[in-house]
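Undergrad: Residue-level listing of the chains:
There are 2 protein chains.
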Amino acid sequence: MSEGGNKKRIRLIVAYDGTNYQGWQLQDNGNTIEHELNRALSELSGEQIQVIGASRTDSGVHALGNIAVFDTGSRMPGEKFAYALNQRLPEDIRIQRSEEVAPDWHPRHCPSRKTYEYRIYCAEFPMPVRRLYSYFTYCPLNADQMRRGAEYLVGEHDFKSFCRTGAQVESTVRTVYSLEIEEQGPELVIRICGNGFLYNMVRIIAGTLMEVGQGKRTPESVKETLLAKDRAAAGPTAPAHGLTLVKYELDL
Amino acid sequence: MSEGGNKKRIRLIVAYDGTNYQGWQLQDNGNTIEHELNRALSELSGEQIQVIGASRTDSGVHALGNIAVFDTGSRMPGEKFAYALNQRLPEDIRIQRSEEVAPDWHPRHCPSRKTYEYRIYCAEFPMPVRRLYSYFTYCPLNADQMRRGAEYLVGEHDFKSFCRTGAQVESTVRTVYSLEIEEQGPELVIRICGNGFLYNMVRIIAGTLMEVGQGKRTPESVKETLLAKDRAAAGPTAPAHGLTLVKYELDL
Chain F
0 MSEGGNKKRI RLIVAYDGTN YQGWQLQDNG NTIEHELNRA LSELSGEQIQ
50 VIGASRTDSG VHALGNIAVF DTGSRMPGEK FAYALNQRLP EDIRIQRSEE
100 VAPDWHPRHC PSRKTYEYRI YCAEFPMPVR RLYSYFTYCP LNADQMRRGA
150 EYLVGEHDFK SFCRTGAQVE STVRTVYSLE IEEQGPELVI RICGNGFLYN
200 MVRIIAGTLM EVGQGKRTPE SVKETLLAKD RAAAGPTAPA HGLTLVKYEL
250 DL
Chain A
0 MSEGGNKKRI RLIVAYDGTN YQGWQLQDNG NTIEHELNRA LSELSGEQIQ
50 VIGASRTDSG VHALGNIAVF DTGSRMPGEK FAYALNQRLP EDIRIQRSEE
100 VAPDWHPRHC PSRKTYEYRI YCAEFPMPVR RLYSYFTYCP LNADQMRRGA
150 EYLVGEHDFK SFCRTGAQVE STVRTVYSLE IEEQGPELVI RICGNGFLYN
200 MVRIIAGTLM EVGQGKRTPE SVKETLLAKD RAAAGPTAPA HGLTLVKYEL
250 DL
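Line by line, the protein sequences give chains F and A.
Quick note: the first sequence, position 202, residue 201 per numbering that gives the first Met the number 0, numbers continuous.
Quick note: the second sequence, position 247, residue 246 per numbering that gives the first Met the number 0, numbers continuous.
Hints are not guaranteed to be accurate.
[Claimed, not checked] The list that follows gives simulated cross-link-like pairs (lysine-lysine, DSS-like), each with its CA atoms no further than 30 Å apart: (1) 159/A <-> 79/A; (2) 79/F <-> 159/A; (3) 79/A <-> 215/F; (4) 79/F <-> 159/F.
[As the list claims (entries may be wrong)] Okay, the calculated bits of chain F under chain A, using three or more residues with CB under 8 Å as the criterion: (5) 12 to 26; (6) 35 to 44; (7) 115 to 127.
For the record, the hints were derived by calculation from the structure and aren't laboratory data.
Beta carbons are placed, not taken as given, at the ideal position from N, Cα and C, and that holds for glycine.
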């Protein structure tokens with residue numbers, strides 16, 4: 000199927016259950032989403048293909064629609080790759096859509112809006128069917144207090160306090176467009192939409208807002224945490240399995 | 000912890016993810032929910048304990064609240080069993096509540112109302128995080144047509160057409176209190192509440208209503224299917240993993 004010569008760039012929307020993966024990014028040992036995509040694409044095309052991912056999610060994090068691109072000499076129409084790849088991928092990874100894009104289109108150099116959900120199952124005992132997708136706590140959470148704390152994070156801010164120590168980034172300024180706290184029965188959903196997120200930023204925000212919900216810190220302390228520009232001022236990093244990348248909007 | 004002498008009866012509300020089990024009921028080979036409960040209870044009490052289950056769900060079916068009882072000479076207060084058992088159960092089984100009941104209380108000789116949900120994920124491609132809890136189909140479903148067909152099943156009827164052939168039951172008459180078709184984004188939920196269900200009844204209803212939704216049969220044909228009292232008149236048995244026992248109401 001390899002043709003050589005002119006290559007074209009294909010964009011994939013990739014959904015996965017992160018439970019059984021060491022995250023997105025290739026690692027020396029451990030199975031990753033990127034590894035599975037490269038393997039399936041190389042099998043399909045006969046070329047050595049390396050995808051470029053938009054959001055390099057951590058081990059255990061899920062996605063309904065992450066983005067990846069790759070270049071290929073294959074003559075297969077862009078929209079057919081979804082069908083062909085899904086036949087070669089394990090059932091916990093499924094391409095939702097594939098299409099040809101401009102040869103210089105890059106998922107990380109493109110204005111985008113990402114939406115993450117952090118789910119907390121709050122009850123006396125865990126619920127087995129939610130255990131892989133929602134963080135369990137038996138500590139009651141006050142959603143209204145969490146909403147009040149969340150308000151301080153909306154807008155353009157320096158989120159240095161909410162970034163994992165040692166992460167190398169040029170700027171820790173990001174814009175959060177919205178941050179909603181929604182109650183769905185015993186499950187509480189923290190839904191955050193922004194132009195980009197620092198390493199562990201959503202999980203540190205979730206860990207901090209959970210402390211607000213438990214009365215361990217005040218809603219107003221979230222503002223102080225933001226101003227401190229110090230990771231130690233924020234709450235713990237909430238566990239990965241509660242986090243899902245739900246939407247990735249491109250070409251805004 | 001075993002005391003001998005007077006025994007008391009404890010009722011459990013049991014939630015489980017059925018993915019990794021051969022159903023509820025003890026089998027010669029294969030892991031079952033009943034086996035895990037008996038093992039954990041016997042470890043805990045030092046007695047040989049056999050639970051009696053209310054709904055013997057099939058392999059792959061999930062439950063948010065199935066019911067079981069057992070007799071024990073243990074002096075542990077009824078409500079403490081939930082905590083002690085959860086420490087001895089695998090994480091895909093969790094007791095939601097435990098309490099002492101009358102010594103002659105029996106989960107299958109007690110007026111009750113059960114609610115099941117059958118979930119169908121209807122889209123071009125499967126969604127990995129829903130794959131264990133929702134049946135995938137790429138065939139579009141007309142929810143309004145399914146609702147029209149569902150209406151014929153509400154009330155007291157002989158559901159012989161919706162019972163697996165060869166099932167031994169005294170009567171195939173059951174009462175369906177409600178049957179709702181709810182759209183939750185790409186997921187369609189068939190929610191059925193009744194005083195009891197025949198073997199495979201919910202899955203055969205789901206399979207039949209899916210054929211209505213796909214235009215393979217008319218809504219009116221559901222009435223004819225009911226009157227036929229013949230399993231061959233109904234649609235296929237929908238796959239087990241889409242089914243969840245969501246509520247079990249007792250002592251009405």
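Undergrad: For each hint, tell me whether it holds in the structure or not.
TA: Structure-based check of each hint:
no. : hint           : verdict
1   : 159/A <-> 79/A : violated (42 Å)
2   : 79/F <-> 159/A : violated (45 Å)
3   : 79/A <-> 215/F : holds (28 Å)
4   : 79/F <-> 159/F : violated (42 Å)
5   : 12 to 26       : holds (count 3)
6   : 35 to 44       : violated (count 0)
7   : 115 to 127     : holds (count 5)
Checked against the numbered hints listed earlier, the structure breaks hints 1, 2, 4 and 6; every other hint is satisfied.
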